[in-house]
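As you go down the protein sequences, you meet chains Z and Y in turn. If you count by the numbering used here, then the first sequence holds residues 1 to 239, one letter each, in order. If you count by the numbering used here, then the second sequence holds residues 1 to 280, one letter each, in order.
If you are wondering where the hints come from, they were derived from the structure by calculation, not from laboratory data. The structure displayed is predicted, hence computed values, not measured ones. Some hints here could point you the wrong way.
As the list claims (entries may be wrong) - One side only, chain Z facing chain Y, incomplete, derived with CB under 8 angstroms:
id, residue
1, Leu33
2, Phe52
3, Ala62
4, Phe76
5, Thr121
6, Asn124
7, Leu128
Just so it is clear, CB atoms sit at the ideal spot from N, CA and C, and this is done for glycine as well.
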Amino acid sequence: MMKRISLLLFASLLWCQPLKQPVEIIDLVRDNLRKLEDYQVDLKIKIAVPGFRMPGKSVHYAFKAPDKVKLETFGFAMVPRQGILPFYSELMGDSLHIKAETLEKTEVEGESVWIIAFQDTFYNEDALIKLWIGDPSGTILKGVATIGGLDVFTLTSQYEKIDQVAYMPVVTKIDLKLPPEMKTLRHLNSTPQAKMDIMESMKSDTSSTPIQGAIELIFSKYKLNRGIPDSYFDEEKSN
Amino acid sequence: MMMLSLIRNEVFKIFSYYRTYLSYLFIVLLVPLIFWGFSIGGSTVERQLTHAMGDQFLMVGKLVNAYTVSYFVMNFLWVHIPFLIALVGGDVLAGEEAAGTYRVYLTRPVSRLKIFNAKAIATLIYTLTVILCLAFMSLGVGAVWMGLGDLIVFQDGILVLPASTAFVRFSLAYGLSFLNMAVVASLAIFFSSMVKNAIGPVIGTMAIIIVFLAVSTLPLDFFVSIRPYFFTTYFDSWAKAFFDPIPWDILWQATWVALLHIGLLLGGSYFIFRRKDILS
């Protein structure tokens, strides 16, 4: 009987365990990212949004802490501002002014996952950002940015530990809600017949509701902490 | 052997007129001008792309390169190049009649079929050289001037295709363009077989193209239903060579429609040519 009671007590203690403080959860992410002095990675980017498609583009990405970035590609590429190192600037910035709140704890594939929420600037607007953070890996498994009640950005990532140094994303998928102005890009069609077809389809599509898009990033050939010189980032501005 | 001599003779005749060189001159002057225009200033496409997506995306590299400009240049295949093709095709039979050389030419012991075939093949050779000139000036000169890069085209907006696919897609596009221009040449020959001077066939060919193009693009129910029967409906088949994925079924249909038109128009031309009275 006593054994049962103590088991029940232990279980209820576990159940009632207080949620981790948001700062501790954010520190998990920071601890993982602080291991990065610099890194390089090859990206395969797929973008499909109404008005713009890039079925598969290779881009070489280099980063050096705190904020040096270089992108290289043959020809032309569009690279999402958010997604390569998800929410890096929001979480690593010195002037971290977020008032985060821990919402709940859950479990994903055997790992504890904390869900936190905070207000910050996203796409130059005030946004509510919700992150699913793995414990103890400090990986951002999911992130949602909500502006004006609309989930404008939903990111999901899979991670691997690279060179036993840090967890880095290997596949990231992003669902976007983009401004309706994107529709205007569809007019950039060259043939008269296609233009007429588009004008016809636009007649029934005059709403100002945002349009949806999807991005997939596949990361390969990570090189972590190899000591990239600053001069590498000064050579030919990449964006 | 006889046929080769006839074709050589017809090609020589075509290239002995100054107006034949107008098409090459047009291409040689205008294409570099377009490259120059692109090289000095950003395009509307870049501005619109930055405006619409600049908040969410970084842009890396150059949007405009030889492939992009060559793709734009191919829009001359709607009206400009057809006019230059009609200028030569319209003269190929009517010119002989106007100059009064039919009597000498057709009384030789060579069948009218062979003479007609030689004229038609020579006109198609000229058409092919115009397309090759356009391809060389766009891709060859463009590659030296602006360099190569991704293939940026339009399919329901902007589509960025890898440079590795450019050769196949441009070959396909120029091949389809040649077929479309061969239809124009055949139409010009058809009109040329009916009249005694070359101005009528040129105007007639262009009138047909412009009217058909206008009707092809009108989104009215009646015109939409008859659209598949116009050869101009398939004038944009070259643009579909840059779609992802390539719509092979549409391209095959465009090819068959073009071949059918060429066959019917040249068949009709030969029918008229064979019955041509050279005595009166």
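Do the hints match the structure? See the list:
1. Given the 8 angstroms rule on beta carbons, the hint for Z/Leu33 is violated: about 20 angstroms separates it from the nearest Cβ of chain Y.
2. For Z/Phe52, the interface hint holds, since its Cβ comes within 8 angstroms of a Cβ in chain Y; the closest pair sits about 5 angstroms apart.
3. For the restraint placing Z/Ala62 at the interface with chain Y, the shortest Cβ-Cβ distance is roughly 12 angstroms, beyond the 8 angstroms limit, so the hint is violated.
4. With 8 angstroms as the threshold, the beta carbon of Z/Phe76 comes within range of chain Y, its nearest partner Cβ sitting at about 4 angstroms, so the hint holds.
5. For Z/Thr121, the interface hint is violated, since its Cβ never comes within 8 angstroms of a Cβ in chain Y; the closest pair sits about 12 angstroms apart.
6. For Z/Asn124, the shortest C-beta to C-beta distance to chain Y is roughly 6 angstroms, which falls under 8 angstroms, so the interface hint holds.
7. Residue-level restraint check for Z/Leu128 is violated (minimum Cβ-Cβ distance to chain Y is 18 angstroms; threshold 8 angstroms).
Hint compliance for this structure: hints 1, 3, 5 and 7 are not met, and every other hint is.
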